[in-house]
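Trainee: Listed in order, the protein sequences are those of chains V and P. Quick note: to get this note's numbering, add 1 to the position in the first sequence (first position is 1). Quick note: to get this note's numbering, add 36 to the position in the second sequence (first position is 1).
Worth flagging that the hints you see were computed from the coordinates, not collected in a lab. Don't be surprised by glycine CBs; every beta carbon is placed ideally from N, CA and C. Incorrect hints may appear among the rest.
Said to hold, decoys possible - From the structure, some residues in chain V lie toward chain P, with a derived Cβ separation under 10 Å:
(1) H93
(2) L110
(3) F230
(4) F275
(5) L286
Each chain is listed here by its residues.
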Amino acid sequence: MLELSILFPALLNGLTMGAVYALIALGLTLIYGVLHIINFAHGAALMMALYGVYYLKDSAGIDPYLALPVVIPVMFAAGYALQRGVIGRASHGKDENILLVTLGISIVLENLALFLFRSDTRTIDTPYTLSTLDIAGAMISLPKVVAFGGALVTAAVLLLIVYGTDLGRAIRACAKERQGAKLVGIDVDHVFAMSFGIGLACLGAAACFLLPAYYVNPTVGNGFVLIAFTVVVLGGMGSFSGALLGGFIIGIVESVGGLWLGESLGQIGIFLIFIAVLLFRPQGLFGAKA
Amino acid sequence: MRSLAAIGVFALLIALVPAMVDSGYLLNAIIMTLYAALLGQAWNILGGFGGLFSFGHAVFFGTGAYAMAVLQVNFGWNAWVALPAAMVLGGAVGGFIGALSFRYGLRGSYFALVTLAFAEVFRVLANTFQFTGAGVGLMVPLKESALNMQFGKTGFLYLILSFLIAAQLVAWWIRHSRFGAWLQAVRDNEESASALGVDVFRVKMLAIVMAGMLMACGGAFYVQYLHYIDPHLAFGASVSVQALMAAIVGGIGSVWGPLVGAAALQLLGELTRNLMGDAPGINLIVYGVVLVLMVNFMPRGIVGLATRWKR
């Protein structure tokens with residue numbers, strides 16, 4: 002049996018990583034819940050946001066946390082334009098097409114990054130990169146603690162938008178009943194694009210919180226994309242509270258699984274959960290019946 | 037029958053290529069085109085005729101490739117004996133994934149995601165176990181002889197041609213058989229097909245097993261031709277994308293679509309290389325853009341466009 006002194010820090014680490022997973026998954030689940038599409042380009046978009054944060058720090062010297070007000074609106078605008086200009090148009094409203102279009106976008110983004118930035122793995126250096134915080138005897142790196150808090154705050158803002166504003170009301174209306182929303186005068190295409198934009202804005206926030214303790218290369222998104230899908234599926238497609246809880250569960254599974262099985266095999270736990278949930282409980286822990 | 041004759045004519049034409057073409061570069065380009073067409077057909081049988089879009093066909097490809105390499109390197113099997121074993125294993129993996137997914141009625145994006153996840157699981161496993169060479173991969177020693185299924189360019193051309201012809205015949209059979217009619221009925225409307233007495237589960241299972249076997253065949257060819265396999269080459273996303281691209285660009289659900297798509301993509305690849313050089317990523321950027329444009333403007337692919345003109 003593992004010592005508590007090893008298990009406890011692993012749990013805390015899992016929680017902090019889980020918060021970032023939850024943030025990424027919140028964007029994905031919002032897009033799924035409203036548009037009923039699976040955004041395959043989610044990981045690639047996160048990768049682009051990470052590069053954005055990296056270059057803001059590297060060439061303009063802007064701290065990743067101060068980059069939040071820049072990265073979030075840019076990602077939002079990119080998402081809005083992508084849905085309105087490319088995905089909505091090219092898919093003709095068919096699910097398989099959306100799957101293929103977002104796959105195409107992810108291929109383009111990933112290789113554009115490879116072409117522009119080369120395949121080198123890059124990290125940034127901040128004064129607090131190596132700082133740690135002592136939590137009940139466990140040393141947790143400071144950026145991870147900030148990421149944890151930041152992810153929770155962003156999630157709260159997202160919930161506030163979805164449940165407390167007119168836009169949120171329109172988003173929920175479109176999610177429930179497209180035709181009905183159209184009939185009462187909601188500009189559905191606009192709401193779809195807004196949702197997609199907000200979904201990518203979550204990635205912008207995630208990138209700012211992630212990079213100080215992480216790295217970026219052109220394929221970094223791939224690792225996140227299946228994890229984010231797992232979180233979304235586990236929590237129930239379109240469920241926000243499910244995505245939050247799912248994120249924490251997956252973060253802990255990854256971190257504790259890594260302790261037992263080692264770095265590379267530890268990942269398998271996530272994929273097996275993913276397959277098992279898809280097969281046996283596709284509606285997830287909180288989702289409505291699929 | 038005319039379409040069957042077309043397959044014969046095509047086989048004959050390609051068989052004559054070595055007599056006319058001397059350039060190793062060109063021969064290699066033709067081999068790679070036929071190979072991509074084989075992968076595309078393996079995707080098309082499930083995705084095109086069956087409407088089950090897989091994003092993880094690499095799982096079958098890698099199974100075939102690793103079976104071929106492991107059986108030869110670790111167990112000293114002859115390549116000609118290893119090939120059917122690799123295909124059977126590919127089919128078995130197909131059967132396993134199919135049995136799980138179809139039993140629980142996974143469709144659409146859910147099916148795509150599950151295949152992708154299986155490919156990832158296999159990639160991590162291949163990366164971990166010693167008998168697959170872990171992250172280093174496996175090297176099949178070069179011993180050129182027909183007995184070892186290792187040829188010169190001409191021999192490999194005939195090998196991949198015979199694989200592709202087999203795949204074309206399977207596609208032709210699906211197009212013209214009762215089973216194919218069932219499969220397409222399931223694709224178009226599963227509930228009605230089931231109401232009319234089609235055994236939906238069995239039809240889908242047969243389709244995924246055939247797709248798995250053909251894709252494993254492609255993996256086996258890859259190992260014989262390039263003598264090397266590693267977890268990323270075998271189970272990475274690029275093989276899955278390559279298979280799906282050929283089918284979608286050419287036209288899904290048609291017998292000739294994957295071949296047409298593979299040829300078009302090969303030409304496009306050569307063109308990009310000539311125009312923009314060999315910078316990393318360029319080729320795939322073009323692929324991604326083509327994928328989006330195809331879905332937007334030609335959802336039935338090149339073949340679909342051609343048949344529309346004929347009418």
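Trainee: For every hint, state whether the structure bears it out.
Mentor: Okay, the hints, checked on the actual structure:
1. Because the closest C-beta pair between H93 of chain V and chain P is about 7 Å apart, less than 10 Å, the hint holds.
2. Hint status for L110 of chain V relative to chain P: holds, with the closest Cβ pair at about 8 Å, below 10 Å.
3. The beta carbon of F230 of chain V comes within 6 Å of a beta carbon in chain P, closer than 10 Å, and the hint placing it at the interface holds.
4. For F275 of chain V, the suggested interface contact is upheld, since its CB lies about 5 Å from the closest CB of chain P, less than 10 Å.
5. Residue-level restraint check for L286 of chain V is violated (minimum Cβ-Cβ distance to chain P is 16 Å; threshold 10 Å).
Going through the hint list in order, the structure does not satisfy hint 5, though it satisfies all others.
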